Amino acid sequence: MAGYLVRRLLLSALTLLMITLFVYVAARVLPGEPTWGEEPQVRPHVDAWLRSVHATESIPRGYAHWLSGMMRLDLGTSIALQPGRRVTELVGEAFPWTLTLGLLSFLTTLLIALPLGTIAAWRPASLAARAGAAGLYLLHALPTFWIALVLQDLLAGRMGLLPVLGTTAGGTGVSPSSWILPTLALSIGSLAFVIRYFRSTLLDSAQASYSRAARARGAGDGRILMGHALANTAVPMISLLGMILPGILGGSVVIESIFALPGLGRLLYRAAAQRDYPVVMGLALLTATATLVATLIADLLYRVADPRVPRAGEREADA
Amino acid sequence: MTAARVGWILLLAIAVTAALAPLLAGARPIVIVTSSGMRLPAVSAMLHPLPDGRPPVPAEPASEILWSLDPPVPHDPLAVDLGQRLRPPGQGHWLGTDELGRDILARLIHASRPSLFVAAIATLISILIGVPLGAAAGYDAGRADMLLSRAIEASLSFPALILLLLLAALAMDGRGAPGADVSLRSLMVVGASVGVARWGVIARYMRGEVLRLRGTDLALASRATGATALRTISRHLVPAGFTPVAVSAAFGAGSAVIAEASLSFLGMGIQPPAPTWGQMIAASGTMGTRYWWMLVFPGAMVALTVASFNLVAEGLRRRASR
Chain A
8 MAGYLVRRLL
18 LSALTLLMIT
28 LFVYVAARVL
38 PGEPTWGEEP
48 QVRPHVDAWL
58 RSVHATESIP
68 RGYAHWLSGM
78 MRLDLGTSIA
88 LQPGRRVTEL
98 VGEAFPWTLT
108 LGLLSFLTTL
118 LIALPLGTIA
128 AWRPASLAAR
138 AGAAGLYLLH
148 ALPTFWIALV
158 LQDLLAGRMG
168 LLPVLGTTAG
178 GTGVSPSSWI
188 LPTLALSIGS
198 LAFVIRYFRS
208 TLLDSAQASY
218 SRAARARGAG
228 DGRILMGHAL
238 ANTAVPMISL
248 LGMILPGILG
258 GSVVIESIFA
268 LPGLGRLLYR
278 AAAQRDYPVV
288 MGLALLTATA
298 TLVATLIADL
308 LYRVADPRVP
318 RAGEREADA
Chain B
8 MTAARVGWIL
18 LLAIAVTAAL
28 APLLAGARPI
38 VIVTSSGMRL
48 PAVSAMLHPL
58 PDGRPPVPAE
68 PASEILWSLD
78 PPVPHDPLAV
88 DLGQRLRPPG
98 QGHWLGTDEL
108 GRDILARLIH
118 ASRPSLFVAA
128 IATLISILIG
138 VPLGAAAGYD
148 AGRADMLLSR
158 AIEASLSFPA
168 LILLLLLAAL
178 AMDGRGAPGA
188 DVSLRSLMVV
198 GASVGVARWG
208 VIARYMRGEV
218 LRLRGTDLAL
228 ASRATGATAL
238 RTISRHLVPA
248 GFTPVAVSAA
258 FGAGSAVIAE
268 ASLSFLGMGI
278 QPPAPTWGQM
288 IAASGTMGTR
298 YWWMLVFPGA
308 MVALTVASFN
318 LVAEGLRRRA
328 SR
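Chains as they are written, first to last, in our numbering: chain A, 8 to 326; chain B, 8 to 329.
By construction, these hints were calculated from the structure, which means they are not laboratory data. Note that this is a predicted model, so its numbers are computed, not measured. Careful, some of the hints might be misleading.
Unchecked claim - Stretch-level coverage of chain A by chain B, calculated; a stretch enters the list once three of its residues show a Cβ under 8 Å from a Cβ in chain B:
#: 1; stretch: 112-121
#: 2; stretch: 146-152
#: 3; stretch: 253-260
#: 4; stretch: 279-292
Claimed, not checked - If the Cβ cut is set under 8 Å, some of the chain B residues that face chain A in the computed set are:
#: 5; residue: Ala22
#: 6; residue: Leu173
#: 7; residue: Met179
#: 8; residue: Ala187
#: 9; residue: Ala268
#: 10; residue: Val309
#: 11; residue: Ala314
#: 12; residue: Asn317
Just so it is clear, CB atoms sit at the ideal spot from N, CA and C, and this is done for glycine as well.
Excised from the complex, chain B in its bound form (with noise of 0.2 Å):
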């Protein structure tokens, strides 16, 4: 089995324990039923991207459940039980509890969500704005280049994590009550700038790949069939050039995985309650040393993620230079 596969079978994995997480882990009942019918509540729960916090729905009095079924894990994520703090993993919590008695594999879980969905979002925002505006400078290669080539020294000169601090202060409301929607905002915020802060990469393969192209064959047959320059750049040149840019985009996912947990390790990130692993990580630097579930689970779940991402990208990478 290559490397790649590896990659590949791994991000899955986590795919869909992040498309299934509500339920994989959670309160409320995948199936109940009752004498007046079937009802799933956890499957509703899967089109939210964050776990709203509401209580699990007021379920019918338990002598009229003819049968159930629960997640595998039965905790929800942001359920505080402070007789059940820092318990170390065993039996009931099979990874153990924060400091809100809070259950980190249900925990975990649920993070995945915003992390993948954040890699996503910044992904396709940093391909939407570098692959125009790359192809566009390498296609032009005059006055216009040199502008567009200075945009784009002038993204990769900011420090990233610099640049996301700078967007994410200014794009995101000062601190007000906690709550879901403000989750759900900090969420589109943080996946928005860590694409914006990326897009300068992919505009620079995208560009050099364009440039290399465009005194080819391909481009010329294209433009002697008559084909005009947009045509040209995005039905042949584009294409043709797009692997250095998939790879770039694959190493670039993982980096915002990784992104995403430093602002919500420093707290400018997805805002809580929704858990992310950045958070999680957090929580265990104020809490000292003793409780290393706290600190070690989360740390494992951004790595596997990252070496995930940055596996298939160099599967991509090699089988483009076979």
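Just chain A, with the same shape it has in the complex (with noise of 0.2 Å):
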């Protein structure tokens, strides 16, 4: 266990050197021209931040510059959204909202999920399973924030049971009800994906040899289903926060856009609108690091949670 925890920190330590080089180079190379305007408020922060990319290097050096300022969690500073403004604070002042929704939205995916999938995975084949199959597909195909919009033109604009936006005017106070619509919006996104996977875990698990013995027995769907199959989806349920976090973080984008939250998404999509290039790198930094200590993270537990993951099948993990 202590051998696979170095190797697996190691190559996490190497792969989150990857997601760097790959938002430096793309600072570097990618060709856009941006207008920032010549005002003495800006200059100065524009100035700052292409000393803090090297940008007179070439891309080897500047790229080792610039990561040893990012080392110390240094990620500069602001330009266009509130110039001379540290990024770690900006980020800091957004970071509870998108914990909060993204907590909600996590726990109402759940929710809705596991009972769903459970109905699905009890008779596949029924027409009840069909129909809800042939929902999901829809569901998957329609844009998030296309859901949003109709959820909230309908339950807000149209029946008035809800607030329209997350946030009352000004950003400041905010009641529970103003949660229930960017949350809801934000776990349709991916609750297809949940459901699916739930459900095949779940059909795995009826088909392992501890089902078929409960059957051999005489237990019948039911009894198997909900007293041994559920059971042992915890294990596989682990990896469902690693794999769903980039879409709640992604999704966070849209929907917080729509509904006026001052999270991250909206904190990069209005940094991106304005081309405030230190934020929005930062951004990307950021989650695409929490990402990868989640999936990090789920793996350790899994392994701790099942310790028959076979040693052979680490290189397959490594991908």
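Put the complex together from the two separate chains, hints included.
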């Protein structure tokens, strides 16, 4: 286990290095020429950014220098959104919003997906399961932002049941009910994936030897599913967090923009629109790192929960 | 009729719509016959990927036109008509008009072009990067594989939309005056960005297949005949293991459509004046709830296109596993 842990950590560190390399090379080679203007309050911050990416040096040398700044967690200062403020400060202010939204929508996704996935696995060939699968298919093909707008239109606009935006004017006060729409909209984005994943895990589990043994003892479908298969899906479900975190982070960009929640997604959207490169690069680095760490933790937990994971499988797990 | 066939037919219909867009919707007649000859104004527009926004070619005096054939939707997708703004679906404008009085149906038809164009470019780029790197990693299975696998893992760590916003923000110029060339340039940027953001998925499948095949008799036989590693990979292992890659590429084309729509929705995708489904949905979002036709139809087009790509992908997968 210790050997595996060390190896896994080293590999992840290397991946993290690759993530920073991607972001740096993208910043250096891509051809955009933004017009930030020559205003005296903007120019120094543009220059500071150009210095921080070492724009005058060759790419390998510049990367090495830039990386040493990143090691000190110095993501630079904002150019356009709030000129001169540290990116880490902006991220710190936005993070609690995205954390809340992400946790709420993760829980909501599980609350909806687990019962539906169980029903789908109960009688896979039934009409209800097939209709459900077709519905999921359509849901999967619709962009999250479209679903969010329709929910906003129907529940907040036409029926007036819920607040239209996530925050009240000025972004200060929040009522609990204003979280409902953004949470729902974000959950629907990963719902189809989670239901399918859970259903197939449950079906695999219902075919496993312990389930067949239970069937041989005379247990019925329901008893096998609830008493044997369900408990054994707990371990595979650990992987889920790492799998849907990118979806939640990416989805937060459109959802927070639509519902005016001042989280990381909206910060990224506004920064991209104004070509605030330090903020965009910082957020890309942080979200990719978060995904990497979540996957790593999920893998390690999986290993602790299920020590049978074969050694030979490690190569495959590398990709 | 199988689901996959439905997917292929839908996809074909959307592709034909995109290819023939200027013949289906536009202010330029398809055929004009005058005493001095015949002209085909809409046909020349088919070569341009995006509508150019120029007013229709100054036509001959009406008295000289002997016969002309207009497109079935006789509205230019860019033509602003403030007297006709926010009309619900009905006579004259079958699917209604938007906040500037532009015909929704004409815009939907023309917006199918950038959407499919991005899907095509992105899929091509992700295959061109992903297949060689994935195949090299899988065949090597040593130190180079370890590094390439880290690169694949790194590219897959970025939430897709966030990586796209990073690439689009870095590759696109600041907001200039909108024009046909700005639209065209942003089309290229979006296509390339979506392709670059997805190469890791293709590479991962290709690596897995080549890793599986390199120990088989197929690879052994190829090497035994004296083929070089490059030839073994490119002539035997990649073709033999291409099915999972093709399935993933077809799913990828569907997610490229969503990615393009998301970027356009956020204003970071294909720039106006060229119409895109994402922009149209964004416009409806700012207009409030009464104008449902501005929201429903472009959303339906995205869903239809994505669902048909997904159906095709699943058909490929099912055929391979038989």
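Evaluated hints:
no.: 1; hint: 112-121; result: violated (count 0)
no.: 2; hint: 146-152; result: holds (count 6)
no.: 3; hint: 253-260; result: holds (count 6)
no.: 4; hint: 279-292; result: holds (count 8)
no.: 5; hint: Ala22; result: violated, 17 Å
no.: 6; hint: Leu173; result: holds, 4 Å
no.: 7; hint: Met179; result: holds, 5 Å
no.: 8; hint: Ala187; result: violated, 19 Å
no.: 9; hint: Ala268; result: holds, 5 Å
no.: 10; hint: Val309; result: holds, 6 Å
no.: 11; hint: Ala314; result: holds, 4 Å
no.: 12; hint: Asn317; result: holds, 6 Å
Consistency note: the structure conflicts with the earlier hints numbered 1, 5, 8.
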